[in-house]
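Whole structure, please, built from the sequences with the hints as guidance.
So the sequences go chain by chain: A and B.
Take the first sequence: its letters are residues 155 to 569, numbered as in the numbering used here.
Take the second sequence: its letters are residues 9 to 321, numbered as in the numbering used here.
These are calculated hints, taken from the structure and not from any lab test.
Don't be surprised by glycine CBs; every beta carbon is placed ideally from N, CA and C.
It is possible that part of the hints are untrue.
Covered stretches of chain B (in silico footprint by chain A; criterion: 3 or more residues with CB under 8 angstroms from a CB of chain A, positions within the stretch not fixed) [as the list claims (entries may be wrong)]:
hint, region
1, 63–72
2, 158–167
3, 283–292
Here is what each chain is made of, one letter per residue.
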Amino acid sequence: MSLSACGGGGDGGGEGGSTTVRVTLANHVWTDNIKKALPEFEKQSGLKVEVTQLGEDQLSDQYNVKLNAGSSDIDVMMYRPLQEGKLFAKNKYLADLSDQVKANANWDFADFQAGPTEATTYEGKPVGVPIITEQEVLYYRKDLLEKAGLDAAPKTLDELKAAAAKIKAADPGVAGFVARTGKSTAVTQFSSFLYSFGGDFVDGGGKSAVASDAAKQAYAFYGGLIKDSGPANVSTDMGWPEAMAIFTQGKAAFYTEANSLYKNATDPAKSKVSDQVGFAPFPAGPAGSKPYNIPSWALGVNASSENTANAWKFIEWATGKDQTLAQQKSGVPGARTSVWANPEGTSTFPKDLADAIAASTKTGVGHDRPLVVKVAESREIVGQPIVDAITGKDAAASADAANTAFQKFLDDEAR
Amino acid sequence: MATTTTKAPPGAAATPATPGWARWVDHHRKWLFAAPAMTFVAALLIFPLAWTGYLSLTDAEGSVRAESEFIGLRNYLDVLTDVERFWPAVGRTATFTVVALLFEVVLGMAIALLLWRPFKGERWVRVAVLLPLVATPVAVGMMWRLIFDPNIGLANQALGWVGIGPQPWLAGQHTALPTTIFIDVWQWTPMVVLILLAGLTSLSEEPQEAARIDGASTWQRFRHVTLPLLMPTLTVAILLRGIDALKTFDILYATKGRGGGSFHEVETLNVYAYGLSFDYNEYGVSSTVLILFFLIIIGAMWALTTRRKEAQR
Numbered sequence: 155m156s157l158s159a160c161g162g163g164g165d166g167g168g169e170g171g172s173t174t175v176r177v178t179l180a181n182h183v184w185t186d187n188i189k190k191a192l193p194e195f196e197k198q199s200g201l202k203v204e205v206t207q208l209g210e211d212q213l214s215d216q217y218n219v220k221l222n223a224g225s226s227d228i229d230v231m232m233y234r235p236l237q238e239g240k241l242f243a244k245n246k247y248l249a250d251l252s253d254q255v256k257a258n259a260n261w262d263f264a265d266f267q268a269g270p271t272e273a274t275t276y277e278g279k280p281v282g283v284p285i286i287t288e289q290e291v292l293y294y295r296k297d298l299l300e301k302a303g304l305d306a307a308p309k310t311l312d313e314l315k316a317a318a319a320k321i322k323a324a325d326p327g328v329a330g331f332v333a334r335t336g337k338s339t340a341v342t343q344f345s346s347f348l349y350s351f352g353g354d355f356v357d358g359g360g361k362s363a364v365a366s367d368a369a370k371q372a373y374a375f376y377g378g379l380i381k382d383s384g385p386a387n388v389s390t391d392m393g394w395p396e397a398m399a400i401f402t403q404g405k406a407a408f409y410t411e412a413n414s415l416y417k418n419a420t421d422p423a424k425s426k427v428s429d430q431v432g433f434a435p436f437p438a439g440p441a442g443s444k445p446y447n448i449p450s451w452a453l454g455v456n457a458s459s460e461n462t463a464n465a466w467k468f469i470e471w472a473t474g475k476d477q478t479l480a481q482q483k484s485g486v487p488g489a490r491t492s493v494w495a496n497p498e499g500t501s502t503f504p505k506d507l508a509d510a511i512a513a514s515t516k517t518g519v520g521h522d523r524p525l526v527v528k529v530a531e532s533r534e535i536v537g538q539p540i541v542d543a544i545t546g547k548d549a550a551a552s553a554d555a556a557n558t559a560f561q562k563f564l565d566d567e568a569r
Numbered sequence: 009m010a011t012t013t014t015k016a017p018p019g020a021a022a023t024p025a026t027p028g029w030a031r032w033v034d035h036h037r038k039w040l041f042a043a044p045a046m047t048f049v050a051a052l053l054i055f056p057l058a059w060t061g062y063l064s065l066t067d068a069e070g071s072v073r074a075e076s077e078f079i080g081l082r083n084y085l086d087v088l089t090d091v092e093r094f095w096p097a098v099g100r101t102a103t104f105t106v107v108a109l110l111f112e113v114v115l116g117m118a119i120a121l122l123l124w125r126p127f128k129g130e131r132w133v134r135v136a137v138l139l140p141l142v143a144t145p146v147a148v149g150m151m152w153r154l155i156f157d158p159n160i161g162l163a164n165q166a167l168g169w170v171g172i173g174p175q176p177w178l179a180g181q182h183t184a185l186p187t188t189i190f191i192d193v194w195q196w197t198p199m200v201v202l203i204l205l206a207g208l209t210s211l212s213e214e215p216q217e218a219a220r221i222d223g224a225s226t227w228q229r230f231r232h233v234t235l236p237l238l239m240p241t242l243t244v245a246i247l248l249r250g251i252d253a254l255k256t257f258d259i260l261y262a263t264k265g266r267g268g269g270s271f272h273e274v275e276t277l278n279v280y281a282y283g284l285s286f287d288y289n290e291y292g293v294s295s296t297v298l299i300l301f302f303l304i305i306i307g308a309m310w311a312l313t314t315r316r317k318e319a320q321r
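So this is what it looks like as C-alpha cells:
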C-alpha cells in the first residue's frame, strides 16, 4: 500500500523497481486460490502484491483502456491467449520473456505442455506463461440416465441426440441437452462439434471453411439439438453462467462445457444436483471425438511496466510446480506435464473427469475459436449460423452467408 | 503586456505607483478568473472531442498508439452506407428514445398531478414513487433480467397464474427492445415526476381559481390553464430525459450484454460504438459513429429548444 501510492514519477524505473507488484487477475477459481497463497509469496520474496480482480469482459476493457494509454500501473496481467494474445502481442503490450523463462532450470519451462505454450508464443518469442488449460467434456446427470434406461453415457453424437430426445420426451420440464447459445460465447463450445464432424473454422490454405459440408452438418446438429431437446423458451444469449445454472438447477440431462468449470456442478453449495453429476469424454462424431484442448488463461508482463523483474518473480512463483500442483488439487487443470503425471495431480478430480481429460489431451485440437487478431469480431461472424440453427432458420444458408463474411474478414486481416 | 501600459483605465488610475503586472492582472481579471474553469473544460471536453474527431478520419485499429493512416471521410462513407449495423442501430436508438419518452412524460404527468394536492400519507407515496430513481441501473438491469428469465423468472410465473403462456421477454428477438423500454420507463418516470412536481408546486393558484369560478371542468383547467403554464418545465423534462434516453447504455448492457444480443436486438448507437471500440478495436470507425451520434444529439437538442422558444413566445 504505502509504496505504490508514490509511483507515477520517474523514480524507481528499471530493474530495481518498486517492491509492490501490481497484478490484474480475472474472476476464476485460480485467482481465489492464488490470493489465499499470497502471504507465503510475500514472506519469501519480501515483495508486496496488489491484486485487482475483474470479470472477463471488464478485464478486457480495462486492458484496452490502460494498455492503449501506455499505462505502467499494471505489472502482471492475466489474459486469454486465444482471445487477446495475438492482438496484445501485435500491439506490443506483452513483454518478451525469452530470457526469463530460461533463467531458472528448477522452474523448468520445458515442463509446460507444447500446445498451450504455442498459444503464448508470438513470432517465436514467449510472451506469456499458461496457467489454466481447458478441454470440452460432456457433463451428464446419472440419475436421469438411469431413469431413461441408459446404462452408460453416450459415446457418439448420434447416441447423445437420441438420449437427449428420449429424456426430454419423458419429462418436458427437463431439457435433454443444454449448452451455450449466445452468438459469440457459443463458438468455443461449438468448436468441438465442428472438429468432430471433420470441420474447422479455417482450412489448411487459410481460407474460410465455415460453409464446408462438415461445418454445415455441425451447425445444424448443434442448433437442432438445442432447438429440439433444449430448454423450453430457450434464450439466444446464454453464456456459461446461464447454461450452467439450468444444468445445476436440475433442468437438463446433458451439457457440453469446459471441464475447468466442473466445480460449479459438483459443489453442493452451487449445485442442486452435485451428487448426480457424471463426466464423459466428448462424444465422437463422423471424424471421431475431437474436443478442443487449449490454454484458457496465461500470465504475462505488461511491456510498459517499470517493475518487470519483480513481475517475473511473481509469475515464477505462481506458475511453479508447487503452486500448479496446489491449483490442480483444488480443481484447476494446469499446463505442467509433471503435475499431470503425478498421481497427486489428479487425485481430487472425479475419476470419470480425470479419464475424460486424459482422453481429450490425446485427441484434442489446440484452438477453440478462429486463430486471428480480431477474435471478437470473427466469433460473431462464425457464431451467427449457431443462433440461426437454434431459432429454426436454415443453417446451411446461414453458413453460406457466414462463409462469405468470414472470407472477407480474413482477407481484410491479411492485408 | 506592454500595450496595456500606455493608457490607464479611467478610475483605476488613482495610484500611479501600481506596478505593471498588477495593472495587467487588473485589466485581464475576467479572463484570469475564468481561466481555471476554461482549462478544465478544454482538457476534459474539447480535447477528447477533437481527438475523437481526428480519429474518425483515420483507420486507427488494434491500438490507438499504433500507426494509423489519414483516410479523410472514408469512415463516414462506410458508416453511412452500412445498412446492417449502423442504420438499424439508429432506428433502435430513435424507437427506444421516442417510445420511452412518450410513456415517461404521460405517466410522469399523471403521477405528478396525483401527487400535487396534499393527501394523507403523501410523504410515503412520494418516497415509494421515487425509489426506482435511486437504484443503480446495472443493479436494476440484473434484477429485471432475473424477473424476466423465460424459464425461472417471476414474470412468466405471474402470467401463468392468470392463464397466459410464457413470454420470451428479454430473450426474444422481437420482444427484447420493448422489454428494455419497459425497464427504462420503470426507472426514469420518477425523474419526470420530480421535475413536473417542482413545476406544479411553483404555479400560482389564481389562474386555477379564476378558471374554476368561470366554470371550467377539470379537464379544461388542465388543458388550458395548467398545461400551458407548465410548458417550460415540461420542455426541460423532455429535454433532460430525452438526451439521457438517447445515451442509454447501462440498462441495455446489463440485460443483453455486448452487441445487444445475438441478433443485435437492442443494439443502439451507444452499444454499437462500445462494441466497435472494445470488442473490435476499430477506433477509427467507432469514433466516426460517436461523432455522428454526437451530431444527432445536438440536432435533437436544437430542435427541442427552438420548439421551446416558439412555445414561450
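Structure-based check of all given hints:
1. Figure legend: the region 63–72 of chain B, annotated as covered by chain A; annotation consistent (3 residues with Cβ-Cβ distances under 8 angstroms, at least 3 required).
2. Only residues whose C-beta sits within less than 8 angstroms of a C-beta in chain A count toward coverage, and the region 158–167 of chain B has 4 of them, enough to reach three; the restraint holds.
3. For the region 283–292 of chain B, the proposed coverage by chain A is satisfied: 5 residues have a C-beta within less than 8 angstroms of a C-beta in that chain, meeting the threshold of three.
Of the numbered hints stated above, none is contradicted by the structure.
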